[in-house]
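Assemble the whole structure, with the sequences as input and the hints as a guide.
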Amino acid sequence: MRITCPTCGSRDLHEFHVLGEAEQARPRLSGDFDSAAARAAFTDYVYARRNPAGPHDEYWYHGPCDTWLVVRRDTRSHEVHDVRAARGGDRP
Amino acid sequence: MTGFRHPSKGLIDRDKPLSFTFDGKSYSGFAGDTLASALIASGVRLVGRSFKYHRPRGFLGAGHDEPNGLVELREGARREPNVKATVAELHDGLIARSQNRWPSLDFDLLAVNGLLKPVFAAGFYYKTFMWPASFWEKLYEPMIRRAAGMGAASGLPDPDAYEQASAHCDLLVVGAGPAGLTAALTAARSGARVILAEDDFRLGGRWLADGGEELQALVAGWANELTALPNVTVLSRTTVAAAFDHGTFLAIERVADHHAVPGPHQVRQRRWTLTARRVLLATGAGERSVLCPGNDRPGVMLASAVRSYVNRFGAVPGRKAVVHTATDDGWQTAESLLAAGVELVAVLDPRNEVPAGMEGVARRTRVISGGAVIGTRGGKSLSAVGIRHGRASEWLDADLLCLSGGFNPAIQLMGHLGRRPVWSEAIAGFVMPEPAGGIRPIGAAAGIYGLREGLEQAIAGTLVDLADLGFAAQAPALPGLPDTPSGLVPLFWKPTLEDSGAKVFIDPQNDVCASDVVLAHREGYRSVEHLKRFTTLGMATDQGRTANVDAIAIMAHLEGRPMAESGVTLARPPVVPIALGAVAGARAGGHFRPVRKVPLHPWAEGLGAVFTDVGQWKRPQYFPRAGESDWQVTVNREVTTVRKAVGLTDVSTLGKFVVEGPDAGAYLDRVFATRPSAIAVGSCGYGLMLREDGFLKDDGMIARLTEQSFLVFVSTVHVADVWRHMQFCRQVLWPELDLSLADQSERWAQMALAGPKAEAVLTALLDEFTVDAHSLPPQAVREATVGGVPVRLFGLSFSGERAFEIAVAARHGAALAARLMDVGAAHGITAYGTEAMAVMRIEMGYAVGSEINGQTTAHDLGMAGLMDLGKDHVGRVLSQRDELMRADRPRLVGLIPVDPANRLRGGAHVLGRDGPATVDADLGWITSAAWSPTLGTSIALAMVKGGPDRLGDTVRIWDGMRGTDFPARIVSLPFIGRAEGGKDA
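Protein chains in written order, with numbering that gives the first Met the number 0: chain R, 0 to 91; chain V, 0 to 984.
No lab work stands behind these hints, which were simulated from the structure alone.
For each residue, glycine too, the CB sits at the ideal point set by N, CA and C.
Don't take every hint at face value.
Stated by the list, open to error - Not everything, but these chain R residues come out facing chain V in the computed CB check (under 10 Å):
1) MET0
2) ARG1
3) LEU18
4) ALA37
5) ALA40
6) PHE41
7) TYR46
8) ALA47
9) ARG75
10) SER76
11) HIS77
Said to hold, decoys possible - Label pairs and their calculated CB-CB ranges:
12) GLY30/R x GLY787/V: 51 to 57 Å
13) ASN852/V x ASP73/R: 33 to 39 Å
14) THR6/R x GLU782/V: 32 to 38 Å
15) GLY220/V x ARG83/R: 30 to 36 Å
This is the structure:
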């Protein structure tokens, strides 16, 4: 498997580390961290996954350039449709 | 003796005779032979015994499709079992032995299994050896393995070297037959980077057997041109064995297998990782036989294989031949046999017409249209072929039966990517309908068997791929090609009421017969996947190349369904068996994984340290001195010296991350459950790191160097994971925070100086710096120099004693440690290792990886009070879940045995009551244990349900592994009082 890092170009799988689904946003709380709503939001964030058969956004880390990426990969064919830096494209 | 060497035919070098032995008998062949061709030319016909029934077997094929000719090569540590003789390149002095026979190939006692054939039918093992279960491991399996054994591994370390290599190209061409050579040439001339990989030791593929002198000259010219071009890499003796996603391939190059022993500094095999933008699959097609009773007798061969032996090697497998063919290609074999002077007894063809161009052959032999083989005779070698035509049947004297039932495109590599082939009625075979995964089958691999049509398709496909890759290319001029007929008709064996096919061998290597398919059908194992598993069809080292399609055809017939609906099983990688040595490459023995040495390694080595593996690190475990009888004595002495005087140990393996920037404090407050932003400049604080699910991830000290600069220490084994996590927090979770991260883990050597005399030793070490509670209080971080070299001092303790950690540039680490030992000698300093460090941290009740193991929370470890709940941080919300706050969760406590003679050990269970050791009596387990020389007793840390609420209770320590069961008392932590500056002070 190969992934095209936006910084380094096409690289082999061995340089990457996968974290998992990248389709959930960490809830932003303003206090009351122990409310039922806060717990429900974080439970969703930590445990609920879409796990689709098809295109899937995933977090991958490219070690040589210390960059977290969002890789859109088709879970059926392993085809990679898109790779972008997770923070929006600028070099960390 | 039936086979012989033709006086002139073949691409062998008759000026280079090679001698070899087979089962101890000497033979000779020529350079350019395979072991199989040399044996055939030497008249050897019986080469193996079958797997289950020990039936005598000879060669069926001439390549990787060979199911019978498995041999052991070489001797001693270089002995290699299960090599197909058909692909073993002959070399001088080669030693080969047959397998799976006892006591000898010629006289095999276990051939009695053949008489028990009705018993050993498909599913036999599953049905017979199910009961009683305990018999399987002790009796059945060893027995079956002895009877049905393959060759044996040497059992000795592999003396040869292997290596791995990588190469990238625009176009990878797999196979250097007619299509592959043409495609490679087309691409090479366009300037594209081309890799041409050929399994054989010679380029040319089918042209080596079928081409005349003109074609051989053409192949040689093309090969020379390709080899000379700088943009082309030609890898011969190289099997592309597996395909992975996105144009990545595994290939094995047999660098020195054609020598008895690799040359000096030469590797035996090289494992390639090939990366290609596009791939042309020119792997050709493998022939399948015509199934008939008695078809496993030595002398029954694939027609195309016979042609290879005759034309390429001048090794003629018989003197009187019968050809049974459903393909025009089989007629070419008939023609070649005639040209080699073999008596061609008859050609049987289900078709009524002689293929165009073969009229001359037909005139010189007996053509039996619609004829079929109904049996064979001969003990260990074919002597007669029974045929039926119309209502008549007769026996024909013959020692060679050539079978051609059709071809299977060699598309295994595309199957590795999960691509399913489809049935083509036109060629009676499974083909890949279109290019997929960047791989395009060309020529025979695409199911195009006519030479001219195949080459035209290959060139057209190559031009399309090259255009996609941005290369302008032109079709090469093709030579004048003979018109080769390539017609065929489907011809599959059909079971009848009279004959279910008990003597019709489909998969000779696994002894699967047509009757086994009938049985599978009767018992309901009808899908191709069930058929495979029930009968073991296609599960041998040839992956059923000659077998699968025939078996599927029989099942399709029994089911009354078309082939197109049956489908086919996909072959797993690798395409051919590969040596484990090549997979390991250079990563064997001491090179299995990297060894990381701390900067203090030479210092510790000089003191005679015993090292232990911590991840990839070598860490000093203890420092034995003369007269110390075992490690426990040494560790006791090290601990006692630290507690009473002073000791020095290495802590360089800790991760050291610098977090710097205006928002560094705010960032760390979100990463850690504590509040690092509250740490004063020039001071250290303890950090607890959680996962988002609320469990502990890691812990460590944090030093604040300046207002905007923090140094975070990370546990040795978590360095890589915590680094990624901290980058994730920065890049993904809170990209708006302004800070940077730098990993300085290996820039610094760091050592801990601990004990009541530590202040004095450190003062003696430093330039103009008197260490006391004022100048360097617990938790402080200061800068100083030693002989002008800057050092960083931390008032940190992991032992409970007054202690310091001293950091210096890595290159000065060993020298600084040696200097400390010098100035500490007057104070009785000792070097100590990870063992003594562990004893002291258990005495102090500090949690490490055994306790922070991914299943525990701060609450569980008694550290909930250290969390700052007034802010959002990773794990803040879910760490407070009711279930994680329960008092009866397993929580950290200390244990001391009631009887000091008893020894606590890690992994023992803590039971709450007398009686049987059951799960409901279980209260928890011991996570860490040590002998405390300070207290004179065994001590342990344990996770015990509701532990802190049971202080003073007596519990049972039950260890089923070691057979111990004794009482111990639950105590609070730490075991001993602490000096200030501790990890959780």
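Compare the structure with the hints numbered earlier in the document and write down the numbers of the violated ones, lowest to highest. 8 and 15
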